[in-house]
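Colleague: Sequence:
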Amino acid sequence: MPKRKGKAASDDEDDSGSEVDLVNVDFEFFDPRPIDYLAIKRLLRQLLQLDAEDLHVNDLVDLILSQPLVGTTVKTDGIESDPYAFLTVLNINVHKDNSSIKALISYLLAKSAGNPTAQAALRNIIGPEALASSSSRHVGLLLGERMINMPVQIIPPMYRMLGDEIRMANEDKEPYNFDYYIVLSRLYKITEADISAMDDGTEEPAPPPKKQKKKGKGSKVKGQQLGLPKVGTFSFHHEDEQIQKVATFTVDYEFSNRQPREGSESLGLDVAGRFMIVPATRFAEMVTSMAESHPLPT
2 MPKRKGKAAS DDEDDSGSEV DLVNVDFEFF DPRPIDYLAI KRLLRQLLQL DAEDLHVNDL
62 VDLILSQPLV GTTVKTDGIE SDPYAFLTVL NINVHKDNSS IKALISYLLA KSAGNPTAQA
122 ALRNIIGPEA LASSSSRHVG LLLGERMINM PVQIIPPMYR MLGDEIRMAN EDKEPYNFDY
182 YIVLSRLYKI TEADISAMDD GTEEPAPPPK KQKKKGKGSK VKGQQLGLPK VGTFSFHHED
242 EQIQKVATFT VDYEFSNRQP REGSESLGLD VAGRFMIVPA TRFAEMVTSM AESHPLPT
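So for the sequence shown, the numbering used here puts the first residue at 2; every next one is plus one.
Keep in mind that the hints are not guaranteed to be accurate.
Said to hold, decoys possible - Restricting the straight-line Cα-Cα distance to at most 35 Å, the calculated cross-link-like pairs of lysine-lysine (DSBU-like) are:
#1 231 / 97
#2 42 / 246
#3 76 / 42
#4 190 / 246
#5 97 / 190
#6 246 / 174
#7 97 / 42
#8 174 / 231
#9 76 / 246
#10 97 / 174
#11 42 / 190
#12 76 / 231
#13 103 / 42
#14 190 / 76
#15 231 / 190
#16 42 / 231
#17 246 / 231
#18 76 / 103
#19 174 / 42
#20 246 / 103
#21 190 / 103
#22 246 / 97
#23 97 / 76
Bear in mind the hints are in silico, worked out from the structure with no lab data behind them.
Please take these sequences and the hints and turn them into a complete structure.
Modeller: Structure representation (structure tokens):
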């Protein structure tokens, strides 16, 4: 049985590009299961891009599946189908000797070198001395990713359920009593050159993937022609805005192994990484802010 069901509205542009179908989709929330291994691995590779192999992503998936009572997957076709999204948390202190966690610790410390203050804060909680101390503050690694056409409205329920699972795990004396969370995310960048190319018609922005219509029929509304995008750095995850409001540090960084711009996962854009350090005392506030900013449709 699923944890719960939820509905979210998504839109789908037709082949002419002039109309948008609004589609109600039923999403089901499940605990992570071994059958989800390949799908979660694909989502982690999307999150970490070409750096994934250097970070022992196979071992990371094994860790995620080793704690099935903490974390959530989102599906639309029942428990045996592939998840379109997942969210979980791993205890960095408990798993510090796992190859994937060791690699991620070194990776994040290296990627924060351009921000000495953030790097010092990171070293204080996951550096070698911090992890060797028996009185060390425990840090949760929040890992989550979704298919690019999944609506952000699924995220607040996933975070709320994760908070409930962490609370219940602590009641059972499981090691989920965190002082900090490190949240991984990813970005895309739009430059003046990108806009000039689009304006000149020399480069077409990659179209979003088509959405399948499932379990519901929505009304069709007229779409408006989109203007050119702005120059800047933008997150693939809209909930980053709420996370950043409570984060003590946000570090944006370049991937070590660059994804080709023409790659399907980059959508023709320069893609980069991000991590945020969040005090556990502000987790509930963050989840409330997400729910207020991205409510489920009524």
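Colleague: Could you grab the alpha-carbon distance between residue 190 and residue 246 and see if it respects the 35 Å cut-off?
Modeller: holds, 21 Å
Colleague: Between the alpha carbons of residue 42 and residue 246, is the straight-line distance 35 Å or under?
Modeller: Given that 35 Å is the threshold and the Cα spacing comes to 29 Å, the pair holds.
Colleague: Take a quick look at whether residue 174 and residue 231 sit within 35 Å of each other, Cα to Cα.
Modeller: Cα-Cα ~49 Å, so violated.
Colleague: Please verify whether residue 97 and residue 76 have alpha carbons no more than 35 Å apart.
Modeller: Given that 35 Å is the threshold and the Cα spacing comes to 31 Å, the pair holds.
Colleague: For the pair supplied as a hint, residue 246 and residue 97, confirm whether the alpha-carbon distance does not exceed 35 Å.
Modeller: OK: residue 246 and residue 97 at ~28 Å, within 35 Å.
Colleague: Does the structure keep residue 246 and residue 231 at a Cα separation of 35 Å or less?
Modeller: holds, 22 Å
Colleague: Is the hinted pair residue 76 and residue 231 satisfied, with a Cα-Cα distance of at most 35 Å?
Modeller: The given pair, whose Cα atoms are some 33 Å apart, holds under the 35 Å limit.
Colleague: Quickly compare the C-alpha distance for residue 174 and residue 42 to 35 Å and report which way the hint goes.
Modeller: Given pair residue 174, residue 42 holds - Cα atoms ~29 Å apart, limit 35 Å.
Colleague: Keeping to a limit of 35 Å between CA atoms, is the pair of residue 190 and residue 103 held or broken?
Modeller: Holds. Residue 190 to residue 103 sits at ~29 Å (cutoff 35 Å).
Colleague: Quick one, are residue 103 and residue 42 close enough, alpha carbons at most 35 Å?
Modeller: holds, 18 Å
Colleague: Given the hint that residue 97 pairs with residue 174, does the C-alpha gap stay at or below 35 Å?
Modeller: This hinted pair holds, its Cα atoms lying about 19 Å apart.
Colleague: Could you grab the alpha-carbon distance between residue 231 and residue 97 and see if it respects the 35 Å cut-off?
Modeller: Distance ~41 Å between residue 231 and residue 97 Cα, so the pair is violated.
Hint compliance for this structure: hints 1, 8 are not met, and every other hint is.
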